[in-house]
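Student: These protein sequence lines map, in sequence, to chains A and B. Just so we're aligned, residue 1 is where the first sequence starts under this note's numbering, counting upward by one. Just so we're aligned, residue 1 is where the second sequence starts under this note's numbering, counting upward by one.
One or more of the hints may lead you astray.
[Claimed, not checked] With a Cα cut of at most 27 Å, we get these calculated DSSO-like pairs of lysine-lysine:
no.: 1; chain 1: A; residue 1: Lys214; chain 2: B; residue 2: Lys211
no.: 2; chain 1: B; residue 1: Lys105; chain 2: B; residue 2: Lys219
no.: 3; chain 1: A; residue 1: Lys163; chain 2: B; residue 2: Lys105
no.: 4; chain 1: B; residue 1: Lys439; chain 2: B; residue 2: Lys397
These are computed hints drawn from the structure, not numbers from a lab. Model, not experiment: these values are computed from the prediction.
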Amino acid sequence: MRMRGRVRTGLRGWGGVGAMAVVCALALAFVLLLPLTQSHGDGGTETGGPGVVYARQAADDDPCLDPAIKSAPEKQTLSPSSADGPTIEKIKAREGEKRKLIVGVDQNSYRWGYRNPNGGPKADLEGFDIDLVHRIAQDILGDPNAVQFKAIPTNQRIPAIQKGRVDMVVRTMTINCTRVGQVAFSAPYFKTGQQVLAPKSSAIEGYGDTLAHKKICTAEGSTAFSKLDDDKKAGRLVASADITTTVPNQLDCLVRLQLGEVDAVVTDGALAASQAAQDPTVELKGTPFTTEYYGVAMKSDADDLVRRVNQILVDYRKDTTDGWQASYDRWLSATLAKDSAKSEPPPPQYLRTS
Amino acid sequence: MTHPPKSSAAAPGSGVPTMPAVPPQPGPVAPAPQAPPPAVAPERAPARRTAFAEGFDQVRAAATTEPGRLRIIGAALALLVVLFGAVTAWQTNDRAAAADDVLHKSQPLSSAAADIYRYLADANTAASSGFLAGGQETAASRELYEKDIDLAAAGLVRAASNSDPDSPAARTVAELNTLLPEYKGLVERARTYNRQGFPVGGAYLRYANEKMQEEMLPKAQNLYTSENQRLRADYGDATPYPWAAIGLGVLALAGLAWAQHRNYRRTNRVLNHGLVAATATATVVLLWLVVGHTVARAGLNDSYDHGVLSLNVLHDARIASLKARGNENLTLVARGAETVVKKNAQGEDVTYDAYDYDFDKDMDTLGKGLAQASKLADDSSGKQPVTAAEGNMAVWKQRHTAAREQDDNGNYEEALKRVIGPKGATGECFDSVDDNLAKALTHEEAEFRRSAGDGLGAMTGLPVGAAVLAVLGAAGAVLGIGRRLSEYR
């Protein structure tokens with residue numbers, strides 16, 4: 001804060017000269033970072049360092065104004081470390097029954113985080129996200145079941161973290177620039193993108209001309225909708241595609257699809273896979289046409305926990321017998337793709353320094 | 001000079017019934033005997049002369065002698081009294097028929113429409129409760145849902161038979177008839193998927209709920225509103241004062257009084273039996289009319305103010321509580337799948353759970369409805385269940401807040417237990433609110449029947465009585481005048 005204040009005073013003092021310098025710095029940062037966002041570079045963690053720092057200072061409270069963060073929010077995380085810090089100490093200090101990691105999860109996303117409604121109160125949550133939570137608990141507290149799951153509604157994800165009701169949220173949460181300003185993300189643990197879901201018998205082959213004259217369902221205010229809307233206006237999507245059907249939740253699209261009210265659904269590939277798992281007559285069509293990453297969200301100042309989770313993710317992905325790959329095979333390979341290559345995020349970069 | 005033939009042609013026309021003495025004649029010849037008058041008329045008076053004018057001349061001629069005047073007075077009095085009786089009979093008959101409609105037709109129909117509305121809302125609530133219980137859904141909750149659907153369907157059949165074809169009400173009923181099976185299909189799919197353990201079941205239930213809340217309930221409400229308008233129209237027909245009849249009554253009495261005064265001045269006789277009898281009957285009819293109608297009106301107004309108004313408010317409150325319960329359930333079914341962004345008191349955008357937001361709105365409506373019902377309740381037995389429902393609602397709100405807190409903190413199972421659990425759950429509060437409102441409705445319905453029945457009772461026999469008495473009064477007037485006339489023979 002103090003630093004930003006100083007920058008502002010400086011700006012005022014030097015007037016136009018200072019402003020021009022900042023603009024130059026921004027442009028430089030953008031140019032420097034551009035290659036990073038395109039190529040999934042190997043290791044070059046510190047390359048963009050100075051540029052990023054400049055950019056972060058120049059951007060006001062909204063991280064989305066920073067082109068570096070806007071184009072690659074998933075890189076805004078701290079480097080991995082196994083060292084315990086104040087946050088982890090506090091979790092470990094919990095005693096007896098309460099010695100548990102408190103994690104916000106979804107219980108409504110089939111294959112990701114889900115509780116069978118007929119399992120009774122003892123029914124365990126299950127899914128890809130849940131496996132990761134058990135791994136984190138195993139590492140931090142030495143017991144995979146030392147977890148208190150909290151089913152957090154979508155609108156409570158960020159408040160729950162900010163108010164400390166949960167230690168972290170593992171809930172198919174896309175890393176984006178707005179959220180980067182509100183919570184701290186781990187390195188990405190899953191790569192996904194918008195994808196088309198349609199009946200197996202449908203002539204639709206993916207995101208392209210086969211969508212002509214088709215009704216497409218998306219969730220209200222979703223990334224999918226804004227992407228379709230932009231593409232349609234820019235002529236990248238056939239003009240005859242009807243994108244007027246929007247629903248409150250992506251799962252509602254499966255209902256509309258089954259009732260024949262729409263011809264296709266566009267949503268995150270990962271969630272589309274979850275829909276396909278509930279109806280054997282529909283399937284994912286074509287390949288994802290955007291790139292998004294899921295991350296573990298934690299409190300903004302929980303630096304030690306973020307580093308620890310990043311370390312756990314590194315190990316989790318290396319683990320071939322009971323790690324990332326095994327979980328993928330168990331929950332997602334049936335509907336997503338036999339080969340997990342498309343879902344594996346690239347080797348992470350840790351551009352956040354403070 | 002085209003007028004005379006025309007006007008004279010009218011004269012014989014009206015005179016036809018008075019000439020039965022003329023032997024039947026072949027048609028073509030008939031105009032012949034009628035021809036002379038027009039020929040005479042121009043001679044006697046070149047100006048317009050009509051049968052009425054001729055009659056008037058005759059009356060004027062008769063009025064120059066006392067017996068003539070007496071005849072005229074007698075005829076006028078008899079006519080006035082008969083007219084008074086006829087108008088009274090006609091106006092009170094109309095009002096009695098409208099009051100009868102209020103009691104036996106439009107109010108039951110309005111109640112039936114409110115019931116359709118309630119059964120639909122109740123079915124929706126039962127469906128969501130059963131869904132939340134999943135595989136542990138009780139037979140009772142399943143039966144409740146099925147019963148609500150059956151009753152709503154039966155109510156729609158009745159409403160269809162009571163509405164005119166092509167009326168808006170008939171169209172609404174037809175639309176509801178198509179939506180009901182659609183809704184039921186969605187609920188069944190939701191159950192099936194839920195039993196298989198697929199979360200898309202919850203999405204189906206939310207879709208079914210949307211269909212119910214956005215399409216079906218507004219239509220059912222329209223039906224209810226239009227039946228209520230019909231009821232209000234019947235009240236409008238039953239309660240206005242019969243001013244024409246009252247005015248004629250006063251006029252008849254004034255005429256009779258004047259005739260008797262005239263009689264006294266001319267003969268120094270105080271009483272003319274016939275005229276006294278006529279005055280007495282006319283007074284009885286007028287009193288009966290005014291008192292009977294005032295009592296009826298009071299009864300009907302009472303049945304409206306304390307019956308219909310209370311019933312409407314209670315129906316609305318009951319629907320609000322049903323909607324609130326449905327939304328409370330759906331908050332847990334949706335598990336945060338739907339959100340709305342609204343401005344809070346500070347003008348900031350805050351994201352709320354869509355169903356929880358609606359729940360709060362419904363509870364507000366319920367609270368306002370109960371407060372109003374409590375104000376409208378005019379006796380302790382009507383007020384007691386409303387007060388009890390207000391108490392239930394307060395507990396419900398407390399328990400709801402506690403349950404929401406559990407859910408927001410991620411203790412879904414605990415929240416579920418606090419909403420549909422067997423003890424200490426919000427479900428208990430909702431059931432109590434519903435029971436108490438049902439009690440209050442039964443009470444107000446009885447109040448309505450009693451008041452409206454009293455009102456209708458006050459008009460019993462009035463039309464027939466007025467007619468008979470008027471004939472007697474007219475006879476009295478004629479006889480009374482005849483008594484005087486005989487003195488001139």
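Student: Please go over all the hints and tell whether each is borne out by the structure.
Tutor: The hints, checked one at a time:
| no. | hint | in the structure |
| --- | --- | --- |
| 1 | A:Lys214 with B:Lys211 | 24 Å, holds |
| 2 | B:Lys105 with B:Lys219 | 21 Å, holds |
| 3 | A:Lys163 with B:Lys105 | 60 Å, violated |
| 4 | B:Lys439 with B:Lys397 | 21 Å, holds |
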